[in-house]
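Chain by chain, the residues:
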Amino acid sequence: MAEYKKQYYPGASIVSKNRQKQMDPAQNLEKLREVSDEDVVLIMGHRAPGEAYKSVHPPLEEMGEPDCPIRELVEPTEGTKAGDRIRYSQFTDSMYFAPSTPYVRAWMMHYKYRGIDVGTLSGRWIVEARERDIEKVTKDLLETEVYEPALCSMRGATVHGHSLRLLENGMMFDMLRRTELGKDGNVYYVKNQIGEPLDKRVSVGKPLSDDERMKRTTIYRKDGMEKESIDKEVLEFIKRIHKSRSMAGFQLKV
Amino acid sequence: MVEDKKFIKALSKKFTEDPKSRTMTKVGLGIDQSARKREFKEWGEKIAKERGISGYDPMVHLGGIPLGQRVLMPYKISTTDAYCEGDDLHFVNNAAMQQFWDEIRRTIIVGLDTAHNVLEKRLGKEVTPETINEYLHILNHAMPGAAVVQEHMVETHPGLVDDCYVKVFTGDDKIADEIEDQYLVDINKLFPEDQAKQLKEAIGKSLWQAVHIPTTVVRTCDGGTTKRWSAMQISMAMIDAYRLCAGEAAVGDFAFAAKHAAAFDLASILPARRARGPNEPGGLQFGIMGDIVQANRLYPDDPARASLEVVAAGTMLYDQIWLGSYMSGGVGFTQYATAAYTDDILDDFTYHGVDYINKKYGGIGKAPATMDTVLDIGTEVTLYALEQYEEFPTLLEDHFGGSQRAAVGAAATGISCSLATGHAQAGLSGWYYHMLLHKEKHGRLGFYGYDLQDQCGSTNTFSIRGDEGAPLELRGPNYPNYAMNVGHQGEYAGISAAAHYAVKDAYVLSPIVKVTFADPSLKFDFARVREEFAKGALREFYPAGERSLIIPAR
Chain S
4 MAEYKKQYYP GASIVSKNRQ KQMDPAQNLE KLREVSDEDV VLIMGHRAPG
54 EAYKSVHPPL EEMGEPDCPI RELVEPTEGT KAGDRIRYSQ FTDSMYFAPS
104 TPYVRAWMMH YKYRGIDVGT LSGRWIVEAR ERDIEKVTKD LLETEVYEPA
154 LCSMRGATVH GHSLRLLENG MMFDMLRRTE LGKDGNVYYV KNQIGEPLDK
204 RVSVGKPLSD DERMKRTTIY RKDGMEKESI DKEVLEFIKR IHKSRSMAGF
254 QLKV
Chain W
11 MVEDKKFIKA LSKKFTEDPK SRTMTKVGLG IDQSARKREF KEWGEKIAKE
61 RGISGYDPMV HLGGIPLGQR VLMPYKISTT DAYCEGDDLH FVNNAAMQQF
111 WDEIRRTIIV GLDTAHNVLE KRLGKEVTPE TINEYLHILN HAMPGAAVVQ
161 EHMVETHPGL VDDCYVKVFT GDDKIADEIE DQYLVDINKL FPEDQAKQLK
211 EAIGKSLWQA VHIPTTVVRT CDGGTTKRWS AMQISMAMID AYRLCAGEAA
261 VGDFAFAAKH AAAFDLASIL PARRARGPNE PGGLQFGIMG DIVQANRLYP
311 DDPARASLEV VAAGTMLYDQ IWLGSYMSGG VGFTQYATAA YTDDILDDFT
361 YHGVDYINKK YGGIGKAPAT MDTVLDIGTE VTLYALEQYE EFPTLLEDHF
411 GGSQRAAVGA AATGISCSLA TGHAQAGLSG WYYHMLLHKE KHGRLGFYGY
461 DLQDQCGSTN TFSIRGDEGA PLELRGPNYP NYAMNVGHQG EYAGISAAAH
511 YAVKDAYVLS PIVKVTFADP SLKFDFARVR EEFAKGALRE FYPAGERSLI
561 IPAR
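Line by line, the protein sequences are chains S and W. For the first sequence, the working numbering gives the first residue as 4, with consecutive numbering after it. For the second sequence, the working numbering gives the first residue as 11, with consecutive numbering after it.
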């Protein structure tokens, strides 16, 4: 019997392959820009750069936890070991070929990260984790190919934008105007994710070209690179799922 | 062809820009772009001055950034030429929507056969058409809150309760002929011939009273009051009409019949955690909604149109009033609901399904009710709907929430599957298939609620044993998986109705509900739901529940 090889997502189209790449922990996300640790902390807005992490319980090694096989099996994250509080990062992704989508982000996180909790909606996607862990996660999410400076943005509240037409300068609409397109072509955060003004502008780099966006996107659109409404294999897979679930509920004793 | 799209007219008016452009140019206009928001602001200032307590102040929104940083879109009520602002579709601002619900809540259907048996067999009274007409004369005096039998009794002001009355109906033409026109809901006149025949056969010789107590009463009390108020006045009218002893035990039989044995609540009571009495929206089954709405009477050959009127009615009642206010509160739920009955979008998607059904299956109600049919029509309608959002950025912006898109796309898919097969469970299956496909195609769906019921819905679609599921017509807002999720219930009502309208059934679940709400004397016209909502939005609807007779003039 051939060894089972996890496929992560059906299909051989560009979008399917991009989804597979984002979800497969063996494939690293491509780093496209540099955002300093301090700048990540500023955008998140949970603590001032350099400020100590607030804790909600003593470090685990001081707590004298009872013997437990699960505790032995699961290695705590650094934030958990330290007793950090849980904080969040939330992203909005435009439907005009942003590199990721809420569900793909959720699946990606579950495959690639530990100690996280995600929430998936249509217009925003949130991830929560212990504070020092979420900062590392957020840095990845800002620096790699799952982020596009004009079409993605971190928004804690007043998130609308994912489905709205783009501004004349190509940026996704944001009622709070947390980001702006600089004269140098870079996108800058001028407010943190919850909308509080920053003391300095934080660059997250230049928007990608339309061609590059189409190559990297994870949304199936008929006006995408392959002009296909959805990958045919994905469509058949969904039909199979729907049919199988229906039959199971019909009590066929299968 | 762009010109063929039903939603283009609305989009062009809403955005006054190319509906296919991906660029928005009107940014940062604030609330001044909206007449309604300006009106609200003026009233906010006026009220604050008069009462000395601050109120509506749009500048506290987001610390000084008011609504309207993009276009504050007007809305076209689907199939009408009426445009209004979104605010006009909140039920607080729309008298027609209020009356829609008041009409249902204040209605109880009570059989007369039990009472007549008691009169004839136990009390030895003669029941004739003349006595029935006299009883109805007395009842229409008493039901609004007037005294019969008693002496020295307070009464309600007739001018405050002019919406209250009782009519009767029966499936027997001979009996119906003997009832005075003013008291009869005339099935033969109100329904197309084929529907009248079905209804009369189902109702038979039974005689039913359609009781509508005063709007003011249910607004002050609740839906549970309706049958109590009705039963008290029915019993008193019986005593008067048939000269009965007020203290005799047999009179209790009238009360029992009017409250229980022969009483048909439009909605059942709810369990403690959502506790409401009967005749409150949480207990109103989807099939009953399809009978309350009368559009299939008006459009017997256009079942899609009739189904969409049910969706409009259902989303307004279940989303805006039930979930949006009884169960939650605030204003957000209106935004979900209106997507299903504005801008001709759901209409466009649904009629695309109808065209496909006609071409592929040779007409409505002719496709086999199989999974293959669901997958075929489901794929066609789902991909069509989602591609429209891709092709028309203003359409996507109109339905800016994924929940709106999911609800509308799935409704069109579900209704299409129902129309094709004449089977509500096939329609429901289409709904859930849409949800799975939608999620995968765009990588997003709705709010968390769509992760609950829509990801496991395929599994319970065909589970119809009591503890596991139910035929869609018998499900309702309190069906376990449906109990807390906006953007679903009204659509389910439309899907269940579509299956029956497709095969020209005169009613979905209940012939007596269908006849009761056909009555043209009701304040709200249940055959023209969207037109009535539009009248409410334009402030042209006259509701019941008047209080100006007993308050100082402004």
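Incorrect hints may appear among the rest.
[What the hints assert, rightly or not] Quick look at which bits of chain W chain S covers, simulated, 3 or more residues with Cβ under 8 angstroms:
| id | segment |
| --- | --- |
| 1 | 24-36 |
| 2 | 239-245 |
| 3 | 385-395 |
| 4 | 404-416 |
| 5 | 460-470 |
Hints are computed from structural coordinates only; laboratory data are not their basis. Ideal Cβ placement from N, Cα and C applies to all residues, glycine included.
Evaluation of the provided hints:
Coverage of the segment 24-36 of chain W by chain S holds in this model, with 5 residues showing a Cβ closer than 8 angstroms to a Cβ of that chain against a need of three. With a threshold of 8 angstroms between beta carbons, the proposed coverage of the segment 239-245 of chain W by chain S is violated, since 0 of its residues qualify and at least three are required. Only when three residues or more bring their CB closer than 8 angstroms to a CB of chain S does the claim for the segment 385-395 of chain W stand; here the count is 3, and the claim holds. Beta-carbon proximity to chain S at under 8 angstroms applies to 10 residues in the segment 404-416 of chain W; the threshold of 3 is reached and the given coverage holds.
For the segment 460-470 of chain W, the assignment as covered by chain S holds, since 5 residues bring a beta-carbon within under 8 angstroms of that chain's beta-carbons and 3 suffice.
Hint violations for this structure: number 2 only, all remaining hints satisfied.
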